[in-house]
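K.L.:
Build out the structure end to end from the sequences listed, making use of the hints.
Respectively, the protein sequence lines represent chains P and L. Just so you know, the numbering used here puts 391 at position 391 of the first sequence, and the rest follows in order with no gaps. Just so you know, the numbering used here puts 103 at position 103 of the second sequence, and the rest follows in order with no gaps.
I should point out that these hints are in silico values taken from the structure, not numbers from a laboratory. Among these hints, one or two may not hold up.
Stated by the list, open to error - What follows is a list of derived Cβ distance ranges for each label pair:
hint, chain 1, residue 1, chain 2, residue 2, range
1, L, S144, P, D448, 33 to 41 Å
2, L, E180, P, L70, 31 to 39 Å
3, L, G189, P, E494, 33 to 41 Å
4, P, D205, L, E136, 39 to 47 Å
5, P, N232, L, L138, 41 to 49 Å
6, L, S44, P, D57, 23 to 31 Å
7, L, L138, P, P154, 54 to 62 Å
8, P, D130, L, E180, 54 to 62 Å
9, L, N128, P, K181, 39 to 47 Å
10, P, D492, L, E85, 19 to 27 Å
By construction, the Cβ of each residue, glycine as well, lies at the ideal position given by its N, Cα and C atoms.
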Amino acid sequence: MGKDSVTYDAIVIGSGISGGWAAKELCEKGLKTLVLERGRNVEHVKDYHTMNMDPWDFEHRGQATKADLLRQPKQARTGYTTRPEHNHWFVDDIDHPYNEVEGKRFDWMRGYHVGGRSITWGKQSYRLTDLDFEANLKDGIAVDWPVRYKDIAPWYDYVEQHIGVSGQNLGSRLPHFPDGKYLPPMELNCVEKHLQSSIDKNFTDRLLTIGRVAHLTGDKNFKGRGKCQFRNRCMRGCPYGGYFSSLSSTLPYAVDTGNMTMRPYSIVHSLIYDDKIGKATGVRVIDAETKEEFEYFAKVIFSCASTVASTSILLNSKSDRFPNGMGNDSGELGHNMMDHHLGVGASASVEGFEDKYYTGRRPNGFYIPRFRNLPGQADSNQDFIRGYGYQGGASRENWMRSIKEMSIGLGLKEELAKPGPWRVGMGGFGEILPNHDNKMYLDETKKDKWGLPTVTFDTELKENELKMRKDMKESAIEMLSSAGYKDVQGYDKETGIGLGIHEMGTARMGRDPKTSVLNGYNQVHAVPNVFVTDGSFMTSAACHNPSLGYMAFTARAANYAVDQLKKKKL
Amino acid sequence: MDRRKALKSITLSTGIVISSGTLMTLLQSCQEKDSITWVPKFLSEQEAITISELSNIILPSDEMPGALDVGVPQVIDLMMKDVFEDKDNDKYRKGLKAFSSQFKKENGVEFHEGSQEKQQAFVEKLYNLSEDETDEVLSLVRKSSAPSGQEDKYFMYSFLVDHRKLTINFYFTSEKVGEEILSYDPVPGRQEGCVPVEQVGNVWSL
Chain P
1 MGKDSVTYDA IVIGSGISGG WAAKELCEKG LKTLVLERGR NVEHVKDYHT MNMDPWDFEH
61 RGQATKADLL RQPKQARTGY TTRPEHNHWF VDDIDHPYNE VEGKRFDWMR GYHVGGRSIT
121 WGKQSYRLTD LDFEANLKDG IAVDWPVRYK DIAPWYDYVE QHIGVSGQNL GSRLPHFPDG
181 KYLPPMELNC VEKHLQSSID KNFTDRLLTI GRVAHLTGDK NFKGRGKCQF RNRCMRGCPY
241 GGYFSSLSST LPYAVDTGNM TMRPYSIVHS LIYDDKIGKA TGVRVIDAET KEEFEYFAKV
301 IFSCASTVAS TSILLNSKSD RFPNGMGNDS GELGHNMMDH HLGVGASASV EGFEDKYYTG
361 RRPNGFYIPR FRNLPGQADS NQDFIRGYGY QGGASRENWM RSIKEMSIGL GLKEELAKPG
421 PWRVGMGGFG EILPNHDNKM YLDETKKDKW GLPTVTFDTE LKENELKMRK DMKESAIEML
481 SSAGYKDVQG YDKETGIGLG IHEMGTARMG RDPKTSVLNG YNQVHAVPNV FVTDGSFMTS
541 AACHNPSLGY MAFTARAANY AVDQLKKKKL
Chain L
1 MDRRKALKSI TLSTGIVISS GTLMTLLQSC QEKDSITWVP KFLSEQEAIT ISELSNIILP
61 SDEMPGALDV GVPQVIDLMM KDVFEDKDND KYRKGLKAFS SQFKKENGVE FHEGSQEKQQ
121 AFVEKLYNLS EDETDEVLSL VRKSSAPSGQ EDKYFMYSFL VDHRKLTINF YFTSEKVGEE
181 ILSYDPVPGR QEGCVPVEQV GNVWSL
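P.N.:
Structure (structure tokens):
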């Protein structure tokens, strides 16, 4: 096994949303930092080869070919990840297999390249609050979060101001939907404004606001980045740097310090543990191209490889001290897998706005924050705990509306070239409870082409989620019907855990090493110089997009680690 | 002169860019029968001729380009080869055959051999349905298999509904229509939630 002569101050595993933030913070604080990325290198803008392509520029009008889909049968489950405009940001399922327990689907959607899923993320950016941090304690399930909103709020401020989040502050209207440091909001369209006022009029507990989204709007300058141009081709990579990705917003800052070394094609096999000092001393790496093995050493290690990958690395880091995986004294490592369940909601036709339209392709929609099971709500009458939010939007239909009829001939082209009727829709994002039985583990009998054990998922939606889904559908129908819209159609599609692409919770935080993997600073309880700051730390899932939280917790953990290093406590 | 060679020589490599009207005039000097100017990659030549005629009747050209002016049948053929699933292709072809047989039953010749007037009349009769008939047809083709006794109707209308959808989709996602007919703005630069529809005009292309 080769040994790199250089010892670093810090090693960051992964270059996505969390890894980029760890790299930026650690490098800016002066730490010589090695960033290990298992996939290929990506140069911002230069490598976004589809960024300016129109539908007719793709050989198959943007659809995946049968031959392509043979390589991505699982990635295709979302229905959108395998389109040629961005299928290069998602893995080849043949080279990167995983296993599902029979009858239990798990959708593991990810890409292996510098920038990770920060290139393809949804960009919706919401804060966890004490409604979420206190939830497990109040409900008596799983374990209590070891942090509260006051601990993390300044870090939300910090990351929002750095990445740029467009959104609307609402004052104290909803305590669990706090104000942030927002750039000017995007605009609701006419129908969405109508729905907003209808909800205000008909529901005391609900409101509709424009989505809070990590795009640059307004006049504030962000180094090396331009404003959102409203092309809505974000998933291909943005030539303007109009939205946050680690390539546009964090890694350049790390590069500028001169302290960062980026090593692509570096698959982390495991962490190296030294029982004499009770710490990790480095990482074992397999070169993805040559399959050569290397070891790298550092004082502190940040695992930001993604929930499943970080958990796999820890599970694969076995030693006499940790026979079941590093930091797994509690036995919780790999358990409590969560996501958000979606694919349920309603849509409707809207009349009366035929003379109105919109400009720009807004990479955003509206948001209806959680309104179920809130503190102080008089007898909520729900047969489930926790809640959900909705994301949605209104738009005018295009030519595809004609599949509902059969007309042909002269006049049809002209008719279909006009803006069609308005449709409005909303889909729920529901909280999934942490459940010890929802788990992932390594299968040592099925190895991948680098000789690493593959991951098996054994998860399913449980009773609370299934009950919640009924209410998610009914409440959406209720809001659209009470607004006077026509042809209101509810839907509840079959879904698997993972389809929200928010997998989380498999190395949870907690106060007690006996029941959790990490402490409140994302430190492995038993190995204090290892920090895990991707989604695996989540103690509960809340009901909204989690990435902003990963950024805030990562920045906080990195600054804590530097402080501890200075105090010689690591 | 070899017909295919003659036809190729008047077609640009990127597909048909001259209007179908012009093309028909040019073709008539060589050949009276229906024909196509491109070599199908998946369909048989007869199938390709039939679906071209059908697309031309669904979206004919006038001052606005028609389906043939933007190469719709070529895209359908390519998609069948590379994108659409085999079972869907089989069903489409089966329906195409049922469609042509029905034409032959009524007119004595295969669809691609029929006169333009007879083709037009036949296709219009099949598509011009009352609201109730439309609902009936759309619900028939939504079934996963043919109800017994209605096989021919099921496959023919599955094909007609599908082909109409494909024609419309590939017409409006073509470069010419997408850039010149629809409202095209690749880099909007700004977003306004609510503007008068006249400010934009046609539906947004992207």
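K.L.:
With reference to the structure, classify each hint as holding or not holding.
P.N.:
Evaluated hints:
In this structure the supplied range 33 to 41 Å holds for S144 of chain L paired with D448 of chain P, their Cβ-Cβ distance being about 37 Å. Roughly 37 Å separates the CB atoms of E180 of chain L and L70 of chain P, a value that falls within the hinted 31 to 39 Å. The hint said 33 to 41 Å for the Cβ distance between G189 of chain L and E494 of chain P, and at roughly 40 Å that hint holds. Between D205 of chain P and E136 of chain L, the C-beta spacing of about 44 Å keeps the proposed range 39 to 47 Å intact.
For N232 of chain P paired with L138 of chain L, a C-beta distance near 31 Å fails the hint of 41 to 49 Å. Checking the proposed 23 to 31 Å range against S44 of chain L and D57 of chain P shows it holds: the Cβ atoms sit about 29 Å from each other. Restraint check, L138 of chain L to P154 of chain P: a C-beta distance of roughly 57 Å satisfies the suggested window 54 to 62 Å. With their beta carbons about 56 Å apart, D130 of chain P and E180 of chain L fall inside the hinted range of 54 to 62 Å.
The hinted range of 39 to 47 Å is not satisfied by N128 of chain L and K181 of chain P, whose Cβ atoms lie roughly 60 Å apart. Distance hint check for D492 of chain P and E85 of chain L: the Cβ-Cβ separation is about 26 Å, which falls inside the suggested range of 19 to 27 Å.
In summary, the structure is inconsistent with hints 5 and 9 from the numbered list given earlier, while agreeing with the others.
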